[in-house]
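Since the structure of chain S is already known, use the hints to place chains P, W and Y on it.
Protein chains in written order, with the working numbering: chain S, 49 to 216; chain P, 49 to 216; chain W, 49 to 216; chain Y, 49 to 216.
Everything hinted at is true.
Quick list of in silico lysine-lysine cross-link-like pairs, DSS-like style, CA-CA up to 25 Å:
(1) S:K142 - S:K212
(2) W:K144 - Y:K144
(3) S:K144 - P:K142
(4) P:K144 - S:K167
(5) S:K144 - P:K203
(6) W:K167 - Y:K144
(7) P:K203 - S:K142
(8) S:K144 - P:K170
(9) P:K142 - S:K142
(10) Y:K144 - W:K212
(11) Y:K212 - W:K144
(12) P:K170 - S:K142
(13) P:K212 - S:K144
(14) P:K167 - S:K144
(15) S:K170 - P:K142
(16) S:K203 - P:K142
Per the computed footprint, the stretches of chain W lying under chain S, defined by three or more beta-carbons under 8 Å from a beta-carbon of chain S, are:
(17) 79-92
(18) 104-111
The hints are simulated quantities; they were obtained by calculation from the structure and are not laboratory data.
C-beta atoms are modelled at their ideal positions from N, C-alpha and C, and glycine is treated no differently.
Protein chains: 4
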Amino acid sequence: MSLFPVPAILRVPAGPGAIIGRPHSDPARRIVKTYRHNVTVHWGDTDPAQIVFYPNYFAWFDESARLYFDSVGLPWEMLMEKYGIVGLPIVEAKAKFVAPCVFRDEIVVESQVSEWNDKTFKLHHAVLNGGLRAVEGYEIRAWTQRRQDDPTRLKAVSIPPEIKAAFE
Amino acid sequence: MSLFPVPAILRVPAGPGAIIGRPHSDPARRIVKTYRHNVTVHWGDTDPAQIVFYPNYFAWFDESARLYFDSVGLPWEMLMEKYGIVGLPIVEAKAKFVAPCVFRDEIVVESQVSEWNDKTFKLHHAVLNGGLRAVEGYEIRAWTQRRQDDPTRLKAVSIPPEIKAAFE
Amino acid sequence: MSLFPVPAILRVPAGPGAIIGRPHSDPARRIVKTYRHNVTVHWGDTDPAQIVFYPNYFAWFDESARLYFDSVGLPWEMLMEKYGIVGLPIVEAKAKFVAPCVFRDEIVVESQVSEWNDKTFKLHHAVLNGGLRAVEGYEIRAWTQRRQDDPTRLKAVSIPPEIKAAFE
Amino acid sequence: MSLFPVPAILRVPAGPGAIIGRPHSDPARRIVKTYRHNVTVHWGDTDPAQIVFYPNYFAWFDESARLYFDSVGLPWEMLMEKYGIVGLPIVEAKAKFVAPCVFRDEIVVESQVSEWNDKTFKLHHAVLNGGLRAVEGYEIRAWTQRRQDDPTRLKAVSIPPEIKAAFE
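Same shape as in the complex, but just chain S:
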């Protein structure tokens, strides 16, 4: 039923914003940190069908992506200054809507890196509502700099290893 298999150890109950993760001596068993972004569903987030208007879930994914980087000591402003990147532009986003959320629900967006590629990475986001999965999705984002020959254009470049390591 789940879009993405999640290791059992990460199927943690919803709780206060927190990071979970620990390095393991065996790289194959290292798990990535998870960030939990607490969101209150407000009246203005819902539509005449009395459920969350679905684009809002992507806004919450976006919020959680940024907070997740903060939580491992990599605020985007610092990355932009230190690495000359122009942010981490979205390349692709997807969500599967399993159960609706309504006004007053206290939900948690649980985010973790589920895939590192050379120039892009995938963030898996699960929205938990009362401990149950309501929405499941992902964002793919790119490590991107301005082109030296034409600063108005962008190019994706290799993600430095220390960035990847920060999430373990």
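Just chains P, W and Y now, kept in the frame of chain S:
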């Protein structure tokens, strides 16, 4: 590069809101109608990177979905009354972001049914900016009624053939 | 400089969400409770000028209005059921923008009833950013029921005294 | 009933986006141009009460303000480059909500400068729905530059006369 192959005949240039489509005697060559939803990118739609904040594209998909049904004579209110459905709830949504749109861009969301299933259907949405594809994605929506034994719960039911036919 | 004079006792520093207020034996010295709604300014809340897109402040006022009623034991759903009101529709809203808020600011919307009328009331909202006033405004809302002769139309009716008392 | 008296000549019926105005040899009888911004109320603009979530009206005011300047040949980007201003920051905004707008309503935001001050100006906005006034409000905005002694700070400066003249 394209997420979804689109028949050449449908690769129409961006223009004023309109429907394109025509029945063909050979069912295999019948094409579905396309709806074009014109959107102006306003200041408030963009973010500090000066590009459209991506959840807005999904809001424009949602708008175009409803307008598309209107355009073939199937406003959702009528469907809810006539067929007892509770709207056409979103099941899944995805977008691939090819090129950014900025403040003042006049874009077109070009929508068409790309897949009919028994109880669900897929709407393909392409955002054209100056004739170029900026975003490409889809929504899967379900034909859904309240359960007779428990009206607080929903169940997806078969989509009537006349609904499918209206898009040809 | 302030839009609305606020009694010194209420000029409390920004803090965690909380209610302040206490009944006084002298009605003239009774003060109304205050609610503090904590808001994080996210990337998507800001515009290309890198400051909060101003309509968002009104969304935060609206959120705080509802949370304020919750905090004194009067959730709107209960009011709708018990008193037959249709919510507390907005009649008027105003804001004065003193200083911009930016991405990552942790702001507080401090709300209190500043005026009770027979059928309407005024909520004063102040947005505090690092202890300084960034925005100050108000909402006027009406205690409204459906007309018995025509349920599609609304009429404002007198606010019950126990509602007013709950804020003291 | 109206918040702001509007000269009879300007009480034009809602129509397609257009500018109305003409210079008069007698300055006292010159009228300012009016801009009409057409807006379709979409599903996502409305709330569980099935009416427009009120902060959206301010977003439409903001859109109309920018389009209004465009319509008289003064796009904000040009003003920023030519006059060194940092945009036209909002100082104050107010709206009075007379009648609700609902999903599918085709509304018109009718905007005009109602007051020129030395460093600020007031834009009057009326939302017409089927020819009836649904919302009436204003924005006050400031002509603002960066301070020469400290570019991180802003100061309001005098609005050039040619700017004011462009609206007659």
